[in-house]
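**Student:** The hints should help you fit chains B and C onto chain A, whose structure is shown.
Chains as they are written, first to last, in numbering that gives the first Met the number 0: chain A, 0 to 494; chain B, 0 to 494; chain C, 0 to 494.
Watch out, some of these pointers could steer you wrong.
What the hints assert, rightly or not - Which bits of chain C does chain A cover? Going by a derived footprint, with three or more residues having C-beta under 8 Å, they are: (1) 93-102; (2) 298-311; (3) 342-351.
Unchecked claim - Here are some chain A residues pointing at chain B (derived, C-beta under 8 Å): (4) 28; (5) 115; (6) 251; (7) 252; (8) 255; (9) 280; (10) 291; (11) 298; (12) 306; (13) 311; (14) 344; (15) 403; (16) 404; (17) 405.
Said to hold, decoys possible - Derived DEER-like restraints, expressed as beta-carbon distance ranges: (18) C:402 with B:114: 54 to 64 Å; (19) C:246 with B:239: 54 to 64 Å; (20) C:368 with A:20: 30 to 40 Å.
These are computed hints drawn from the structure, not numbers from a lab.
Since the structure is predicted, the reported quantities are computational estimates derived from the model, not experimental observations.
Every residue gets a Cβ at the ideal spot worked out from N, C-alpha and C, and that includes glycine.
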Amino acid sequence: MAGSPSRAAGRRLQLPLLCLFLQGATAVLFAVFVRYNHKTDAALWHRSNHSNADNEFYFRYPSFQDVHAMVFVGFGFLMVFLQRYGFSSVGFTFLLAAFALQWSTLVQGFLHSFHGGHIHVGVESMINADFCAGAVLISFGAVLGKTGPTQLLLMALLEVVLFGINEFVLLHLLGVRVWGGMESGVGGGQGQPLSQERGGGGGVLPLTPPPQVRDAGGSMTIHTFGAYFGLVLSRVLYRPQLEKSKHRQGSVYHSDLFAMIGTIFLWIFWPSFNAALTALGAGQHRTALNTYYSLAASTLGTFALSALVGEDGRLDMVHIQNAALAGGVVVGTSSEMMLTPFGALAAGFLAGTVSTLGYKFFTPILESKFKVQDTCGVHNLHGMPGVLGALLGVLVAGLATHEAYGDGLESVFPLIAEGQRSATSQAMHQLFGLFVTLMFASVGGGLGGLLLKLPFLDSPPDSQHYEDQVHWQVPGEHEDKAQRPLRVEEADTQA
Amino acid sequence: MAGSPSRAAGRRLQLPLLCLFLQGATAVLFAVFVRYNHKTDAALWHRSNHSNADNEFYFRYPSFQDVHAMVFVGFGFLMVFLQRYGFSSVGFTFLLAAFALQWSTLVQGFLHSFHGGHIHVGVESMINADFCAGAVLISFGAVLGKTGPTQLLLMALLEVVLFGINEFVLLHLLGVRVWGGMESGVGGGQGQPLSQERGGGGGVLPLTPPPQVRDAGGSMTIHTFGAYFGLVLSRVLYRPQLEKSKHRQGSVYHSDLFAMIGTIFLWIFWPSFNAALTALGAGQHRTALNTYYSLAASTLGTFALSALVGEDGRLDMVHIQNAALAGGVVVGTSSEMMLTPFGALAAGFLAGTVSTLGYKFFTPILESKFKVQDTCGVHNLHGMPGVLGALLGVLVAGLATHEAYGDGLESVFPLIAEGQRSATSQAMHQLFGLFVTLMFASVGGGLGGLLLKLPFLDSPPDSQHYEDQVHWQVPGEHEDKAQRPLRVEEADTQA
Amino acid sequence: MAGSPSRAAGRRLQLPLLCLFLQGATAVLFAVFVRYNHKTDAALWHRSNHSNADNEFYFRYPSFQDVHAMVFVGFGFLMVFLQRYGFSSVGFTFLLAAFALQWSTLVQGFLHSFHGGHIHVGVESMINADFCAGAVLISFGAVLGKTGPTQLLLMALLEVVLFGINEFVLLHLLGVRVWGGMESGVGGGQGQPLSQERGGGGGVLPLTPPPQVRDAGGSMTIHTFGAYFGLVLSRVLYRPQLEKSKHRQGSVYHSDLFAMIGTIFLWIFWPSFNAALTALGAGQHRTALNTYYSLAASTLGTFALSALVGEDGRLDMVHIQNAALAGGVVVGTSSEMMLTPFGALAAGFLAGTVSTLGYKFFTPILESKFKVQDTCGVHNLHGMPGVLGALLGVLVAGLATHEAYGDGLESVFPLIAEGQRSATSQAMHQLFGLFVTLMFASVGGGLGGLLLKLPFLDSPPDSQHYEDQVHWQVPGEHEDKAQRPLRVEEADTQA
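In isolation and in its complexed conformation, chain A is listed as follows (with noise of 0.2 Å):
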């Protein structure tokens, strides 16, 4: 810590040796196990004679350019809004996803669709991996402007690992029943094969087996994990100095607007995110529907909460950019199910309310009182959305019926549809999955602490956070000055 040479050097070359280290074992993992699965492989594919229109790709690829635009422009942006970290935190966004959907890649890959030695690959695990970057940037936007992009590095190395167990444990482990293969990933009904889907065909026996916990839009898996695992990593990070640096924790005028970019697209593309790998046709039709509703229904809640607590009746872009969107947050475990539109209109506005008022009231406290800097607030976008995500879940399932899911109920509760289970057993299923994930969301935001505090690890001083200029190269030159006129010269030379 005293500025030594010696220091600086290994300031240097942590962050390079470390992405160096961490692409080259990804790749080296990659070259043994990662292969094309049967809808990507030139051979594989052309092998069976489906038509073209069939291949998954077109019925999932739209989804996933959207929630790809979600995690990289959405998240990017969104953690502009504070005056001198833009630099960072769209910079280590886009690195920290980067190398959050590789890894992810391979832990799901071995926990979830591991056959004869190798991991196969297509759409689907671009979902699921992108996914799985998203839960890495909400714990991100926990530390934001604390951590230098090593530890953040160090962070999505554990979390992933995390990450993918939980899920695995909720998708699978969570019952009583054994199976055999298994393939697939978060909740949706992507285990079956297409050619099965279309007409019921029978005959095929599915090798996946149904998921124990629903969870298609990860109100558990993504947000009610992302949150808790970045909010006690940031408890065991906390800093005790850091009102050294809070003239620069908050916003200016453009960077505001520049966070406004990351909410819109979070906002107009996350009846998507939600769809992405929930069961094709009236599936991903009805989640996209739900989702839709329940975000609008937030955006008004947040407007009137955030006027009524204002100074002066003024509305605070902090709510704007964030509260908003807690209506996708919210449905991401029910919206595949018989929510009703009226369901998600309520569901997206109590959101938006209970998301706002923590805003306001509640992150002080965290701070003050339990010791959690929470930069982003995603205990107030993320946590308790999602937690109120996984409850409604509990709610809805439990109300399932025959009479309401038609021969729907096989693709949304497979389980209830089969007579394996009662709706009450689905829904405290659904219970246990929450708690499940807390469990590990806390323990292992816990680890990942202990984690980033090793003393060898570059770490921004207390009164450097918030600052892009510890970690990149800022141009020099003040706006004004820049955006002055032509000098007289130069005016003098125009022809």
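**Tutor:** Below, chains B and C without anything else, positioned relative to chain A:
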């Protein structure tokens, strides 16, 4: 107006109470009336033996997402050009559109798809709701900076109803025959179930009457209606003292760049906007293609005219940001027809030039002579090009022949195909549709203006137009202070 | 050059007259030659008994929209990094691309799909036109800030023609056999009608000859061609006095954030770019997947190298904004092939590191030794990675076996599948394609440079490079003045 404490309390509560009331009422109406349609409902979808690939979701959702991006990103950022009104531009766009899409789901549902006491929703109703939100945002552009959020929500409340009625009249009441059941929205072939679209399968009687007036991309129902509604409303709200706020009516360098985000997203996704509700297959394909060419030509026309009329031959950002989009508006009615690629280029070029000239020469006259203060120049971007687009629709419809459309005539002009109407008669109906739209917009805008002048409504005073601080908590620090390098004492502690 | 009034009038009229002439000529050529193809024409589409779901629109349009976003949002904002050239960067991108897509529709149409005296257009020609616009924008990056819009339009006029010819030579003239009819564009399996793609149905003879050289994502035809065309052109336009404008050649804080919008949109949609024209089914799926991995690895490589070579270990925004995208360029040729996920990672990592090193060490040499002033460093982002991508294509094509591709060999390497060529021969053809492209680009760039040096063309003087005010009416107020709080007298009147 005396700045008394009770006034302040009134202002503080107007917005939250109105938001809560509107959201509450909407939720109740949703609970009573809104249900999943047969393509989103789990039981209904699986009852019929569909292939999942046939779900309308896969044909319309990618276009919907583009429309959604246009409404929230496009309109939102296009209006950020004002130097001190960026929070309000993007924030109120967010609020208005989130409310309008819920409310128009109800209004359009009652008018177009009310069966057995219920409104049935799916991706088509989502697109129609977003279209209506687009019209509200066009009107918002005319009064941008001069109205508070409470006023804007009331404007939306009224405008959505009139939008729905105008659309209903154009689609269903302008002809002679009266049909039994009615379903679906703006002018596309969307009423016919998918199974009928494909393979031309017979047997099933169409539930929806063919639209009397074609306007798939809304030259009339969206652009003309939204523009003249807003312009008349702005006339009623005329502010003679507006020069008190003139110093904030311009842009600054970066606000113009933010506005270009809006422009470019509107521009790239406009082909999807016009195609979102047209007939499947060649219909959507042709609509997107025509719009693509029209926009390209309007861009060249705009650059040419902007440089021609610009001071010292310099380009004007206002023209580029707006007039280049007129090519999308002008083919709103005709892009689904056999406009020909040349026709698209010619129409787009005409719209771009007319729009640019409007910004340069007509907007000042509109304010000085007609007392219409049109902040965003919606008359130039949506008004004139919308009317031109309607007239182009009259022309192209009048030229329709069985030879040119072949069996595709059924999906563009069903009434001509069925021999109930000649091409000339269709053209007359189209023209009449324009007059009806102008009438609804003008009367509606007048009513809206009276509504917004209600004395108890919170309206910003003349000296505080185009100013975020009236409605928002704006970060107080100047940018240049924020952008300064690390202070010396900080740099000292840097390792 | 004396600043005489006639000169000013000349400058005032050059751009508008050229725009009007180009748009007028294009429109006339469209009227004479351009027609809807059988998938967009109302009569032709309905004549054949297609299912609407089979319309190519549904397989290519979502990818097209991503490509469209890359061209207009991605390239446009990527170049906004200059502190005083944002209007020109995004504005001239808009103008150039809007012209290039029309002009290349004609040029590519004459060369690739001219039947019966007509060019037939649809979603495929839209994608090909946008690809060509992309090449023009790459060249624009090399001369950014040093050329006026008139010069740029003339550059596009020439470059589009040479792009089309180069592509034609690569696709059709590099082999021996001569075919009768020709249809379609850059290297994908897009020539085969859909009905043939699916089910492998026989009977119909292919109208399109198989491409001699594969280059679906344009490592050669787009990136290598665009880069070296621009670099040679920039060499011819060499400005020895450019240091007079050096103080404007850097970025400012917010201009770098705007540029990251461009970067991220390019990054997220690049999988669609490479996949837009590949064979349907597994082909598009695999291409997107490979590009996704390659980009992720190039991002880690870029961060590693940027920190390694950066001053005091700090990251450089120029590297992150650009080199992280090299992973998309480097797999442009090979991503449709059986590159393997590991191959994609390795290629992307290599491209990211080479590109970063290029920015750090080679760009200064390029200027000082070779007198090539490469504003955006297109040599690092498109030039070297494009050549690497072509060589990777040589390698992967040379390794193609019937075993690895199975029946999919037909859609990737039809000439190998049909036994007309060995894998080694295909590799040689690929290599020859690279040389041809380099030759066309160099000679073309030289011609372009001579064209742009015509003395009567309006070119900004040395002291006014990188300056919007030469071409645009720039808002005069400084940001900091605009960002100030309400004035006291205003605040007083506030209720």
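**Student:** Can you name, in rising order, the numbers of the hints this structure does not satisfy?
**Tutor:** 1, 4, 5 and 19
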